Amino acid sequence: MSKKIVIEPVTRIEGHGKVTIILNEKGNVDRARLHVTQVRGFEKFCEGRLFWEMPVITPRICGICPVSHHLAAAKAGDAILGIKLTPTAERLRRLLHMAQLVQSHALHFFHLASPDLLFGFDADPAKRNVMGLISEVPEIAKKGVKLRGFGQRIIEMLGDKKVHPNAAIPGGMNRALQPEQRQEIMEGIDGVIDDCQFAIDLFRDYCTKNPELMTSFADFKSAYLGLIDDKGNVEYYDGKLRLKDRDGITEEDGLDPADYLSIIEEKVEDWSYLKFPYYKKMGYPGGMYRVGPLGRLNVADGMSTPLADKELQSFKKLSGNGVVQGSLYYHYARLIEMLNAAEEIKSLVEDELICAKDIWTGSSQINEQGIGVIEAPRGTLFHHYWVDRGGKMRRANLIVATGNNNLAMNRAVYDVAREFIHDGNVTEGMLNRVEVAIRCYDPCLSCSSHALGHMPLEITIHEPDMRVRQVLRS
Amino acid sequence: MKTLILGIGNSILGDDGIGVRAAQELAAKISDRNVTVCDVCVDGLNLLEIITGYDRMIVIDSIVTENGEVGEIYRLRPEQIYPPSGFSVSPHHFNLATTLEIGRRLFPGEIPEEVTVFAVDTEEATEVTEEMTEKVRLALPEVVRLVLEEVSAPLAKR
Chain G
41 MSKKIVIEPV TRIEGHGKVT IILNEKGNVD RARLHVTQVR GFEKFCEGRL
91 FWEMPVITPR ICGICPVSHH LAAAKAGDAI LGIKLTPTAE RLRRLLHMAQ
141 LVQSHALHFF HLASPDLLFG FDADPAKRNV MGLISEVPEI AKKGVKLRGF
191 GQRIIEMLGD KKVHPNAAIP GGMNRALQPE QRQEIMEGID GVIDDCQFAI
241 DLFRDYCTKN PELMTSFADF KSAYLGLIDD KGNVEYYDGK LRLKDRDGIT
291 EEDGLDPADY LSIIEEKVED WSYLKFPYYK KMGYPGGMYR VGPLGRLNVA
341 DGMSTPLADK ELQSFKKLSG NGVVQGSLYY HYARLIEMLN AAEEIKSLVE
391 DELICAKDIW TGSSQINEQG IGVIEAPRGT LFHHYWVDRG GKMRRANLIV
441 ATGNNNLAMN RAVYDVAREF IHDGNVTEGM LNRVEVAIRC YDPCLSCSSH
491 ALGHMPLEIT IHEPDMRVRQ VLRS
Chain C
-14 MKTLILGIGN SILGDDGIGV RAAQELAAKI SDRNVTVCDV CVDGLNLLEI
36 ITGYDRMIVI DSIVTENGEV GEIYRLRPEQ IYPPSGFSVS PHHFNLATTL
86 EIGRRLFPGE IPEEVTVFAV DTEEATEVTE EMTEKVRLAL PEVVRLVLEE
136 VSAPLAKR
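Note that the protein sequences, when read in sequence, are chains G and C.
Reminder that position 41 of the first sequence reads as 81 in our numbering, one-by-one numbering, no gaps.
Reminder that position 98 of the second sequence reads as 83 in our numbering, one-by-one numbering, no gaps.
Hints may be right or wrong, so weigh each one.
So these bits of chain G aren't anywhere near chain C, every CB distance computed over 10 Å [what the hints assert, rightly or not]:
1. Ser175
2. Ala181
3. Gln192
4. His204
5. Glu291
6. Ala396
A few chain G residues facing chain C, derived, Cβ under 8 Å [what the hints assert, rightly or not]:
7. Val170
8. Met171
9. Ile174
10. Lys182
11. Gly326
Calculated lysine to aspartate or glutamate pairs in the DMTMM-like style (CA-CA distance at most 20 Å, straight line) [stated by the list, open to error]:
12. Lys186/G - Glu109/C
13. Lys315/G - Glu112/C
14. Lys58/G - Glu34/C
15. Lys320/G - Glu306/G
16. Lys182/G - Glu95/C
17. Lys201/G - Glu112/C
18. Lys84/G - Glu116/C
19. Lys84/G - Glu112/C
Since the hints were derived computationally from the structure, they do not count as laboratory data.
None of these values were measured; they are calculated from a predicted model.
Using N, Cα and C, we set each Cβ at its ideal position, and we do this for glycine too.
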């Protein structure tokens, strides 16, 4: 006899994203913190595994941006093998990477950010979400789905699955692109580029209508970090690190990403499991830096493709020194990148050599360490592996994209909270705005703390003695 | 009637992998061509493309409850677990009910109308391991049996 047990209601207890606000005696904001709980043991779990498995294991950190981990792990594996990729393998890796950039940025803009922008931060939450988008402006929602679908389809072509593909392996790729697949991409890409341009125009329209908001919402200075190519363009797959300080002065340039530890250190705070990377030279917390779309566009001089480059030059004019600091500008930067990635896809598949068969380089070497660095949609991602002579993992250190932004996200939350809490009173709309601020950074808290789960936002407001004054939940 | 059996979970997060393991066992036991068995380690909108084109879907997943017993199995509708919210700070917020709602609005007629979730009660997964805890491991054959029964039950009973 079948056992039918219905429980209602059941509560899924998740607690991975939480904000704590601590007031001072006057009832104003003293400190604000974004907490992330942690999943333990990832490094331990990797010990004894073969480095060949890492491109398959590490994507399981996250179901949102697994391809970034997949690629960074393969790159670290390339370094352990001491090989150089064949031109075809590199093209295919880049194609995979650009496809995931398009789909990730499309998901974020169309489904997460655009409701805030289209309906206003204070619009009824019941409408200010993707459902509202689908009801009010279904054509925009559909564009998002189409862009995402296009990116996913390329990922599936290269790796058999749309999420957690098996495509990149240490040494190269495990399959070539077929001519009919190339054809399919070429048929869809112009429409995709048009849709990316549409999104940028939409956002520019928003900036024009809300000029003060753009420069007053969570607007603060920070340093910026990103990979650039030898022409100073934004580079997502390879490249060298450049860091600009809070006034736009280039402090580090041409740094081999494998040497990241020479400029970056991670601080541990006892109230969050997510570590706080900072630029060593400027100390902690002054060495706060931002990565991701805003970070990349701010450190670069140009974009590798014509339409995106034109947009970047307009973007840079928003600020006197070409460094644009307001948190909301993350959205604009994200869209310019999406366009850049779409144009790059076109350029990669236009060359029929993308279907060549030389996709892997072998080696009998096993180096003691390998570092794979890549610009994931959310920022610079570092995979650092140490292996023994048999290729078994001894240790892994991952600095995940969102982790780089930890200090900045906390600062954004602090700035917003300060504006909305006075004399112990929380103004209507604070919860919304804290969420909007966090959304700018498109955080992947799963990755950053190696945790999994949903994240309803909970904000707890404390008296100076830490007694709970108020709890707000989204 | 095309049915999708979807095991959701992360097989390197201990008990969270129960859905994936159940799906793997079911795949070996089911030969009906109208039934597709799939295991995935994704959530949210990534599910959309996977679930289109089916009339019925059976999901197997882990669930953390306040008062339940680890190893218990619940048969639920997605809306009983969380209301469709569409509201999120991160893509991780798009729970199953929300994904279904979005799918039905964007692709009417292509998303399964009938969705049943078999949720196995677990603790919060905080340890990276491929091993499940004992109570959850013992629940595996039962959840497999329940899903097989569900798949073959005639329409009237459902």
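To see whether the hints hold, each was checked on the structure:
For Ser175/G, the shortest C-beta to C-beta distance to chain C comes to about 8 Å, within the 10 Å cut-off, and the non-interface label is violated. At roughly 6 Å from the closest C-beta of chain C, the C-beta of Ala181/G falls inside 10 Å, breaking its exclusion from the interface. With a closest Cβ-Cβ approach of about 6 Å to chain C, Gln192/G is found to fall inside the 10 Å limit, against its non-interface label. Its closest Cβ contact with chain C, about 6 Å, brings His204/G to no more than 10 Å, contrary to its assignment away from the interface.
Every C-beta of chain C lies more than 10 Å from that of Glu291/G, the closest at about 31 Å, which supports listing it as non-interface. Here Ala396/G stays apart from chain C, with its beta-carbon at least about 29 Å from theirs, past the 10 Å limit. For Val170/G, the suggested interface contact is upheld, since its CB lies about 5 Å from the closest CB of chain C, less than 8 Å. Against a cut-off of 8 Å between C-beta atoms, the interface hint on Met171/G holds, since the closest Cβ of chain C lies about 4 Å away.
Because the beta carbon of Ile174/G sits about 5 Å from the nearest beta carbon in chain C, less than 8 Å, this interface hint is met. A hinted interface residue such as Lys182/G counts as satisfied when its beta carbon comes closer than 8 Å to some beta carbon of chain C; here the least separation is about 7 Å, so the hint holds. Because the smallest distance between the Cβ of Gly326/G and any Cβ of chain C comes to about 27 Å, over 8 Å, the interface hint for this residue is violated. Taken as a hint, the Lys186/G and Glu109/C pair is broken in the structure, with Cα atoms around 35 Å apart against an allowance of 20 Å.
Proximity of Lys315/G to Glu112/C is assessed by CA-CA distance (about 18 Å); at most 20 Å being required, the pair is judged to hold. For the proposed pair Lys58/G and Glu34/C, the alpha carbon gap of about 31 Å is over 20 Å, so the pair is violated. Restraint check: the Cα-Cα separation between Lys320/G and Glu306/G comes to about 9 Å, which is no more than 20 Å; the hinted pair holds. Between the alpha carbons of Lys182/G and Glu95/C the distance comes to roughly 15 Å, so the proposed pair stays at or under 20 Å and holds.
Only pairs whose Cα atoms come within 20 Å are accepted, and Lys201/G paired with Glu112/C is rejected, the gap being roughly 26 Å. Using a Cα cut-off of 20 Å, the hinted pair Lys84/G and Glu116/C holds, with the two alpha carbons roughly 14 Å apart. About 10 Å separates the Cα atoms of Lys84/G and Glu112/C, which keeps this hinted pair within 20 Å; it holds.
Hints 1, 2, 3, 4, 11, 12, 14 and 17 from the earlier list are contradicted by this structure; the remaining hints agree with it.
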